[in-house]
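Asker: Residues per chain are reported as follows:
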Amino acid sequence: MSQKFRLENGGLINRDKKLSFKFNGKIYYGYEGDTLASALIANGVHLVGRSFKYHRPRGFFGAGVDEPYAIVQLYRNNETEPNIKATEQELFEGLEAKSVNCWPSVNFDIGAINNFLKIFLPAGFYYKTFMWPKSFWYRVYEPFIRKAAGLGVASTKHDKERYEHKYEYCDLLIAGSGPSGLASAYAAAKNGARVILAEDKPRFGGSLLTSDVNIGNQSGEDWAKSIISELKEMPNVVVKNRSQVFGYYDHNMLVMSEKVSDHLPKTKKHHPKQRLWYIRAKEVLISSGSIERPLVFGNNDTPGVMLSSAAKEYLKVYGVLVGKNPLVFTNNDSGYETAIEFKKNGINPIILDSRINPQSEIIDEAINLGIKIKFSYVVVAAQGYKKVSSADIAKISDDKKQLGTIENIKCDCICVSGFWTPTIHLASQSGNKTKFKDAIDAFVPGTSKQNETTLGAANGIFTLEETLKDSFMAGQHISKKITKNDNKISFPNVVEKKSSQHDKFWCVPLPKGKNYKRFLDFQNDVAVSDIEIALKEGYRSIEHVKRYTTLGMATDQGKTSNLNGLQLVSEIENKVVPAVGHTTFRPPYTPISIGAIVGREVGKHSKPTRKSPMHSWHEKNNAVFVDAGVWLRPRYYKQGSETLFEASKREAKNVRTNVGICDVTTLGKIDIKGPDAAELLNRVYTNAWLKLPVGKARYGVMLREDGIVMDDGTTTRISENHYHMTTTTAQAANVLSHLEYYLQLVWPELNVNVVSTTEQWAGAAIAGPKSRKLLEKLFPNNDVSNEGLPFMGYMESDLFGVKARIFRISFSGELAYEVNVESNNGHFMWEKIIELGQEFQVQPYGTEALSTLRIEMGHVAGSELDGRTISYDTSLEGLISKNKDFIGKRSLNREAFTSSDRQKIVGVVPLDKKTSIPEGSHLVKDAQAPLPNKKLGHISASCWSVEHDNPFSLAILKDGKNMIGEKLFVMSPLKNKVIPVEIVSSHYVDPKGERVRS
Amino acid sequence: MLHIKCPHCGMRSQNEFSYGGDASVKRPELNKEISDEEWDNFVYNRKSLRGKHLELWQHLYGCRQWIKVERDTSTHEIFNTYKADEEIS
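For the protein sequence lines, the chains are A and B, in the order given. Residues in the first sequence are numbered consecutively from 14, following the working numbering. Residues in the second sequence are numbered consecutively from 0, following the working numbering.
Worth double-checking, as some hints may not be accurate.
[Said to hold, decoys possible] Heads up, simulated DSS-like pairs for lysine-lysine below, C-alpha to C-alpha not over 27 Å straight-line:
1. Lys497(A) / Lys4(B)
2. Lys179(A) / Lys4(B)
3. Lys423(A) / Lys462(A)
4. Lys46(B) / Lys902(A)
5. Lys446(A) / Lys51(B)
[Claimed, not checked] What the simulated footprint calls covered on chain A by chain B, stretch by stretch (three residues with Cβ under 8 Å from a Cβ of chain B suffice, anywhere in the stretch; the number is not a length):
6. 261-267
7. 752-760
[Stated by the list, open to error] Here are some chain A residues the structure puts well away from chain B; computed CB gaps all over 10 Å:
8. Pro248
9. Val251
10. Thr460
11. Glu478
12. Tyr529
13. Ala641
14. Lys816
15. Gln854
16. Thr882
17. Ala942
If you are wondering where the hints come from, they were derived from the structure by calculation, not from laboratory data. Ideal Cβ positions, reconstructed from N, Cα and C, are used throughout, including at glycine.
Next up, chain B with everything else stripped away, as it sits in the complex:
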């Protein structure tokens, strides 16, 4: 079980969180004309990469905040966690 540092609450067990997928995906703006390809990339296409991955988690049974977690998908090492609006360098 992972041990995730919620930037709002501190270190918590994985079972307080739910996984929310790739955090680097950006929703296209509303009312904007976009190609099928762009939309497919937003809705379906994911890299499923091995290694460092920026992903979303929600602290569901805690502060209910969505956070970003930088995690290695193969070793499960967590490098850093960020608030939803935090700048990631």
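Next up, chain A with everything else stripped away, as it sits in the complex:
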């Protein structure tokens, strides 16, 4: 295929490098430096998609970030990505793209029937129509609408690309590398400031690449090139293209997305696809330029109708003609610049200018070039379905209300210019209250809110000389405040053509008897008539009109539609635009990929992984691991073809009959030192702590101030003023913060220090009737008899030369000990226990067996201490001291907490002694009761009792105290189970607690 619309020469593309690409299955060619859009236009392709609601044919409207139409599904390196703007996607060899939102194909689209039904699809259609019958929404309406609308398909494959995050600090962040960005960056850099200059396009220079100007005896483009190359050489400057500053957040934090590899066929090795920069800038210069506004007329969405600035950019940057028979429709001088470029390339455009008799240097030039100009003329409607083929034009009265006789003229594109809208998104996001500037019919930033300064076109200044002057000054002045340097820069000589005032006209009236759709929002198919309906139906606030009609709510966020929508509302409401106000600009400025936001924190990197010092032993011994908070813990040790159920039963049984060891390194450990340590514990725990002797441990429960149990664990008095606290694995960090809160803020008079020692100690629980015998082997020099080391006793010893702490505490309910050694000796300890335990049939046990053991003993853990229960509920009320105050005590008087039928922990056994009870199931009195069936409680934890060889669960049950012996039903709608059960004591094994003391 030849590139019929490519000029012989010109443009900034690399004509030496021809690239092939595929669009909707067909092969085309373009050049390096093209965008997908410019390459398609060069090949005469103008039909790229279907519109969102009416499925009308869609072409190209812009040449960059403002593009509302040309959204494609991209295929790159065996991956696919939706919602890609063809005007932003750079061409690479082998690029493949497809149209979206059309089925079966872009040329024949069944949804286009909506276009003929459009009188039935007015604003608010979805709200009005799909409300009834209610049940139809999920089954009929929603699936249909979802299939009919959309902007591509997200890949369901794992994204193998790498995305990076970078944190950066700078003196000045400059967003945009047009004339204002370049000038301010240059001045600031010369003053020694640390500057980041960001440009979202591949090429630097912004409007300088397309405008016919001269700076310091160079063309605008050459001047931009020389400034950029000088900036790139400076060590204090970071210059980034393909990088868009898309959000301005609190305290001068801006976020920028850098597309590192999207323009390449494949990401280079060790490179990320995209990089997200979090930039904390001392000062921010917003030089984001402006976007041309469309003019509104009939069928103004037909492919071939596009912004005049885009037509100019395709010509000057890509050497591509958007048409060979162009019509330029303008209300200001910008359209003339585009017409002049056409003329210079041998094309004869016709200009329709809505103004009566404008005069300026640019208009004179157009006249001198012999371009045909019709003043007081407008386009009434574009004609042609898949591409503009002609235009209905007419003379318009001076008051812009009456149209003259309609004439039809042939054309293959209509380039529109309705003047310029400053890009104020970043300024507005910083909190800047924007103001309406009448002279340009648009909003500009008001007083700076954070440290932001808006320059050039973004600030509503459209002459180059003024822009450059302001920007040099701003760069110099702002950097001087930071670096104290004052480097004077001589201001270059600027040659530009003067332009005349634009016409305050933007919407062509409908001719009599015609009902053309005049579109405001091209991406969401919002037409003038939709806004009219919304207002007629009583919507007044612009935010409501926006949501009702979806004006500006598409992925382009109304970059080309917002102001025209406001103009329309203000005209109908007879208010001035500033009184109508604009909707909120929210980040991101353009869509950002989820991958970039997530960065490297995916998969196993989504959180840190903590491993105990014995981890490698567990791995070698077939442990199957489970996530416990950020820790990896052995869930069970697989022998042969054992299942989880079989293995955990074997391990638990071995603890009950012989001896088992469990890695308990993950328990939170806090070292507490100081003369007031006992007093702190006494205030933190519900029970008494002042009289705990040295060498003894005690179990304690701590509450939050609202009376709810926060955590439990044992604390041991190591020496006079030294305690060792343990917390649950999950609450370790919270408990430390909690203690620090009280010590630093509430009771600073307490002389106590707390520090986490979780990672300093490796721990092994040795549990089972033979544990003492094993301990005797491990510590032959110590008296570990029941008298020498009684229940809740503590001693220090050495384990074959390694310092060890021995605690006689038990979670399993068996005779048990916990041995702690310094972490780097953990592996040695573990192997020693396994070695010496062989004669006692020692076996390691994982978290599953650990749970089984504690559940059948009725020991509570995280599933009972779930942030909703008080001590009473978990039968820990015996530990509440009546003789002292403690954190949360005052809350326990609350009526609900003292109610006589308060919930309490109970045991639950299925009547058939076979059916396992799903955790989280509800307990009800009557399984047949009509819904909603009253819930009496829930199952908090379930196990297979190894002692009784049947299922056993713990539950938190209303009036649990008086429910023992009752028959209830467990219901699990999720698992579709109804199980008749009996309520029993939560202490299913050894209810008197004799084993731990044996």
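Let chain A serve as the given structure and place chain B on it in line with the hints.
Answerer: Chain B in isolation, oriented as in the chain A frame:
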């Protein structure tokens, strides 16, 4: 993301800190008889005001100190930060 000046460490990003609520709340003294209303005011009732707010933050991934931050809840402007025991005029 806020930029918070830890009085012990200097300017740090918000993600090093955790929020700790209204700093003007004072815990009733231990062992003191107080009314239900007083206790509720301490545990539950907060103003949730718009504007200048003295609040607690902990420099969790830093010096672990609890600090007081005077912040505007609507603009996020931070006026001043104080050490836990610092007198606030």
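Asker: Please go over all the hints and tell whether each is borne out by the structure.
Answerer: Status of each hint after checking the structure:
1. Lys497(A) / Lys4(B): Roughly 24 Å between the alpha carbons, so the hint for Lys497(A) and Lys4(B) holds.
2. Lys179(A) / Lys4(B): 21 Å, holds
3. Lys423(A) / Lys462(A): 51 Å, violated
4. Lys46(B) / Lys902(A): Holds: Lys46(B) and Lys902(A) sit about 24 Å apart, inside 27 Å.
5. Lys446(A) / Lys51(B): Given that 27 Å is the threshold and the Cα spacing comes to 20 Å, the pair holds.
6. 261-267: Answer holds; 5 residues pass the 8 Å Cβ test.
7. 752-760: holds (count 5)
8. Pro248: Label holds. Min Cβ-Cβ 24 Å, cutoff 10 Å.
9. Val251: Given a closest Cβ separation of 20 Å, the condition holds.
10. Thr460: 13 Å, holds
11. Glu478: Holds, since 37 Å exceeds 10 Å.
12. Tyr529: Nearest chain B Cβ is 46 Å from Tyr529(A), so the label holds.
13. Ala641: Correct as stated: the minimum Cβ-Cβ distance to chain B is 21 Å, above 10 Å.
14. Lys816: About 27 Å separates Lys816(A) from the closest Cβ of chain B, which puts it past 10 Å; holds.
15. Gln854: Fine: 45 Å to the nearest Cβ keeps Gln854(A) off the interface.
16. Thr882: For Thr882(A), whose nearest Cβ neighbour in chain B is about 17 Å away, the distance exceeds 10 Å, so it holds.
17. Ala942: With a cut-off of 10 Å, Ala942(A) remains clear of chain B, as the shortest Cβ separation is near 35 Å.
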